[in-house]
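Mind docking chains E, P and F on chain G? Use the hints.
There are 4 protein chains.
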Amino acid sequence: MFNLGNFLTLSTFGESHGIAYGGIINNFPAGLEVNLEEVQHQLDRRKPGQSAIVTQRKESDTVKFLSGIFEGKTTGTPIGFTIENENQKSKDYSHIADAYRPSHADFTYDQKFGIRDHRGGGKSSARETVNWVVAGSLAKQLLPENVEINAYVSSVGEIFCEKPYQDLDFSQIDSNDVRCPDAETAEKMISKIKEIKKEGNTIGGTITCVIKNLPVGIGEPVFGKLQAELAKAMMNINAAKGFEYGSGFCGAKMTGKDHNDLFNEDFSTRTNLSGGIQGGISNGMDVYFRVAFKPVATILRPQESIDKAGNSVTVEGKGRHDPCVLPRAVPIVENLAAFVLADLFLINRIRRI
Amino acid sequence: MFNLGNFLTLSTFGESHGIAYGGIINNFPAGLEVNLEEVQHQLDRRKPGQSAIVTQRKESDTVKFLSGIFEGKTTGTPIGFTIENENQKSKDYSHIADAYRPSHADFTYDQKFGIRDHRGGGKSSARETVNWVVAGSLAKQLLPENVEINAYVSSVGEIFCEKPYQDLDFSQIDSNDVRCPDAETAEKMISKIKEIKKEGNTIGGTITCVIKNLPVGIGEPVFGKLQAELAKAMMNINAAKGFEYGSGFCGAKMTGKDHNDLFNEDFSTRTNLSGGIQGGISNGMDVYFRVAFKPVATILRPQESIDKAGNSVTVEGKGRHDPCVLPRAVPIVENLAAFVLADLFLINRIRRI
Amino acid sequence: MFNLGNFLTLSTFGESHGIAYGGIINNFPAGLEVNLEEVQHQLDRRKPGQSAIVTQRKESDTVKFLSGIFEGKTTGTPIGFTIENENQKSKDYSHIADAYRPSHADFTYDQKFGIRDHRGGGKSSARETVNWVVAGSLAKQLLPENVEINAYVSSVGEIFCEKPYQDLDFSQIDSNDVRCPDAETAEKMISKIKEIKKEGNTIGGTITCVIKNLPVGIGEPVFGKLQAELAKAMMNINAAKGFEYGSGFCGAKMTGKDHNDLFNEDFSTRTNLSGGIQGGISNGMDVYFRVAFKPVATILRPQESIDKAGNSVTVEGKGRHDPCVLPRAVPIVENLAAFVLADLFLINRIRRI
Amino acid sequence: MFNLGNFLTLSTFGESHGIAYGGIINNFPAGLEVNLEEVQHQLDRRKPGQSAIVTQRKESDTVKFLSGIFEGKTTGTPIGFTIENENQKSKDYSHIADAYRPSHADFTYDQKFGIRDHRGGGKSSARETVNWVVAGSLAKQLLPENVEINAYVSSVGEIFCEKPYQDLDFSQIDSNDVRCPDAETAEKMISKIKEIKKEGNTIGGTITCVIKNLPVGIGEPVFGKLQAELAKAMMNINAAKGFEYGSGFCGAKMTGKDHNDLFNEDFSTRTNLSGGIQGGISNGMDVYFRVAFKPVATILRPQESIDKAGNSVTVEGKGRHDPCVLPRAVPIVENLAAFVLADLFLINRIRRI
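Protein chains in written order, with the working numbering: chain G, 120 to 472; chain E, 120 to 472; chain P, 120 to 472; chain F, 120 to 472.
Here chain G stands alone, though its shape is the one from the complex (with noise of 0.2 Å):
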């Protein structure tokens, strides 16, 4: 229970200042030659303090496979890894350890257990997401070789990537430190953040997933359609406040007639309003949706609060945080969603006689 997944599923644990961050993959098939380096290089992308923009925290991420792999190739059997905690600075938070700051999950973790480990946040840290990069990275191979799964930034605060994403090159993604592949937009995204970045503040934005290649046939009738298992994923991301596949928000001020995608001779349609997914099985146009991600809530700047007691206090964000979560967000969309997919894929292997 809790776990990402149906069949091949991940069970997870870690917090911010805790040993270690790790899992375990179950019913993960036997034979793939896995590519680790691909994995480790997706916990690049995911990782502190590759760019300005970004906190400047320091961690390797290194991730460390402690069983279900033998030399080279998965035998089938769970598959456990560990990504230890390096540079822990506790002391940065000893301030909160009984302050609750705005917007934070100190409250509710207090309230719902009657215990925190409050150090960066404990479990409530977005730090968790090293382990579902690792998960989704191989499991995004175990999907056929040419299905795509393209992640960028399309809009921070009020600046939006203004063209579909058919007209982007997605080879442009890791080009720049904000993970917009529209040149122009992404510049005027980096300097919005280092604006918001020098007010103390932070900023929100959204994400657009696009999923090429994907097979026909891919979710579940009932209760497992492919847009709900994406929801469910994505809103589980920290920051995650929406999802929208398709058409989303929009399709809803449409009308049928123009809404509905009608046939080509070969079973594509002539447009996409659908997103890729008719009766929540795929149909093999774009999968594509989009995940509204609000502004980090710790800022550096003194915010008014109250402590445990209810006493006012005031907190102030320190050591290094965020002012955008979105270019580390990025990894952390696509291999989710790779896991979900590779999770309904399997699982379709099965579903005809």
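Hints are supplied without guarantee of correctness; some may be wrong.
In this list, chains with the same sequence are indistinguishable; a pair is considered to hold if it fits within one copy or across any two.
[Claimed, not checked] Restricting the straight-line Cα-Cα distance to at most 20 Å, the calculated cross-link-like pairs of lysine to any residue (SDA-like) are:
hint, residue 1, residue 2
1, 376, 319
2, 316, 435
3, 307, 374
4, 183, 205
5, 183, 203
The set of hints was computed from the structure by calculation and includes no laboratory data.
Same frame as chain G, now just chains E, P and F:
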């Protein structure tokens, strides 16, 4: 696998033109005096033929409980129920046995399963949601009595209910056919839907749901976040295209300084852009979210399409269909939310020693 | 939670004197042409009133499929079914509304749930197994055609079928009322049961089940071992007290030198004390196991007992009861085994790249 | 899928000669002050090299907790742990890279997965049970303090501890190398094992486990019966061949009149052939069960066998192996039982309104 819920689970069955729909609720606690009239009332809110702006199909949608309730109380054993199908005009669908309706699941089901009950869309029909309303309205009775769950139609096409939910009188939701508690907006929406209906067209919209008095502590830290469980449930509704909670997609445009919800001394917050959830766990403030629905794919106008063999055909909706799914989706959203909450509420009772 | 199966799952409901039993089979693959007569045939083998040595209750035990099957084939969507209760003589049970029958679940249900449908034992009735026979006999049809699953009564009280299973003709299992394929032993068993019945007493026994031609590779390495999944299923049968496979408890007396199964050159083994399973995974040899059943607790004789309040009462079975549950348990064991195998068989199809 | 437990779950990983074993315990309640010395103590009871009658391998088997515990208390978040492998003599196993050892899982793993970590049996090694002891001994601490779980060796080969468990002093279980609390029988068992060991042979036996003071109400009515959950867990232990509880296989020889447990006026029962469970639910009497273990398959004598290609080979156990697995299996049985009970105990807290 592919049930609703984690501990309290709902497993369902049924196709549009099959014999019956039904479900099994597992792990429902014993000793609850259940109000079965309320369950039927919720079904009546969802059923077809209620007003001029929804489908004119007639189904009594009467739920029959088969087990798990004894002398008016739950016994702790599985609750089985059925809702018989009555008004099947399967002939209305013979024209689509081989044709693929645009933006329907005909093609994807055929591709996935190699076989498909085409009558009325078979398993892909939204009639499946009768099951959810039954289970959700029972589950609602597990929650503390003061928990209020109200959904309403917040937009139809380009017509939006501009008032914030705080200014609405939820007791007025059912007072008009479209289920928007703002009378003036409701009137506009109804006119719009009638106009659209006359054209044989359909229209989309959004539903906003507000949960009041939810206890603090509901939701799980990782892979069971309250927003993720709600998103998963909502995105399994047939026409749902998007989900957002709290500040949602708007929050993605904001800065941390403006977005953070500062505490009052009683642990409530001054603002509630968090939407009542922090770190995946309810904080005692209102939980609110919005779901986007696309326009119904079945339109009563000829559309070009193809058949199973790839030949051009013309399809045209016959029979009785909803020009706008929103009014009937209101009880679906409410009761589905209730089920999600009841599941996490029960689980929360065993998360501390 | 608390379903049968892992991927292919059965969720069930029903109480002895409720309206109906029923279940939902999830994730049954599409495209199987199902033999529903065979399902009914298996139910008929289980039903009461078949012979002089089982209960004389009359129930037609007719299964009605409500979904998931279209034009004779499975559609891949949930299969819902019900078996209506017909012959409820609830009054036979009014005397136990407050009394606790020895070795029944009256006391434990009351303690656990605080409420209990006492009529016919309610949920604790073995009538629940009708659901398992339906699901198991459908699941059996998913297995390769040459897989044979035969169970038979191998002992009643002190009367044992001394012949090893290899010397028995399984086609004779249903040729007599007790379902022991050795005619001579069967006769002794039948006489014994008749004698016991005359005394108003009941008697226990064992069932042996043999699975032939099971493909190699079925079962999972850890927490899904074939023997563990079989044991779990069998120990859920109401009167089951023990499970052993292969050499079983006898194997515990042996030494490794004598117990090890040496290989033939075709990878079969010379002996089969392993019972066709090594490391939790089938090895292609016969899988065989034995289940112990206690004597039915309801005896038609007065027994001292207590009621809910702790007062002394006398209870005496009334109505129509089985003097020996074994003959009717044979199809339960077979079909339950079939379900377990079909679930693991499907899963095994996705355990390799 | 394929975890231990239903709500409280254990997911595990590790191979005999991999880097480490480990696991994740999910949904462990918050606020428990954990005794980690006790966990290590239980591991020490299981570890190799404790006495002359078990394997002489040396492993410190030190558990390292990586998360979920803060300042000595559980936080309600996932508990991750590892036990590093230290004393891997992988060369001891190079001779079996291609050979199939009789009654081992070499052949079935190869057939199932097409690949196999042959070193020390890889995933099929009973070393996996270190994970279960860690999780079980933590879970034990969730149970009411007066719950006692004691297992002991009740037979080795043909040597049985004839005394009923009621006549044994469980405090003497660890007082001798074989873990049979009856000193006289223990001596005979030890002699027997030494003799067997000298021959390079191995021997089987049984373990009896007695649970005292278990609260009434533990276990679920259908598919979650206490005996079924225990059976499933026990039958997942590597060498387990059989499980029985209460009267077990002996009960199958009895009549209802003799087998029924009559009530005392305090709701206890005069006899306890039911083994403390009625209708799958604990009744407050002692729960007791017995597990049969086959002799270890690795014998230090040449055995004829075949290799992967079907060629004749001779295999001979090298290295350090257990002549009898029973003494080390005692803590496995106890702690596994504790995990099963803790899971069902937690669940029982939410089975009533």
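Check: Within a copy, between copies, both or neither: where do residue 183 and residue 203 come within 20 Å Cα-Cα?
Finding: both (9 Å within a copy, 13 Å between copies)
Margin query: Cα distance capped at 20 Å. Does residue 183 pair with residue 205 within a copy, between copies, both, or neither?
Written below: Both ways: residue 183 and residue 205 sit 14 Å apart in one copy and 17 Å across, limit 20 Å.
Margin query: When Cα atoms must be at most 20 Å apart, do residue 316 and residue 435 count as within-copy, between-copy, both, or neither?
Written below: within (14 Å within a copy, 56 Å between copies)
Item checked: Within, between, both or neither: residue 307, residue 374 at alpha-carbon 20 Å -> between (35 Å within a copy, 16 Å between copies)
Next item on the list: State whether the alpha carbon distance between residue 376 and residue 319 is at most 20 Å within one copy, between copies, both, or neither.
Entry: between (48 Å within a copy, 9 Å between copies)
Taken one by one, the earlier hints all hold for this structure without exception.
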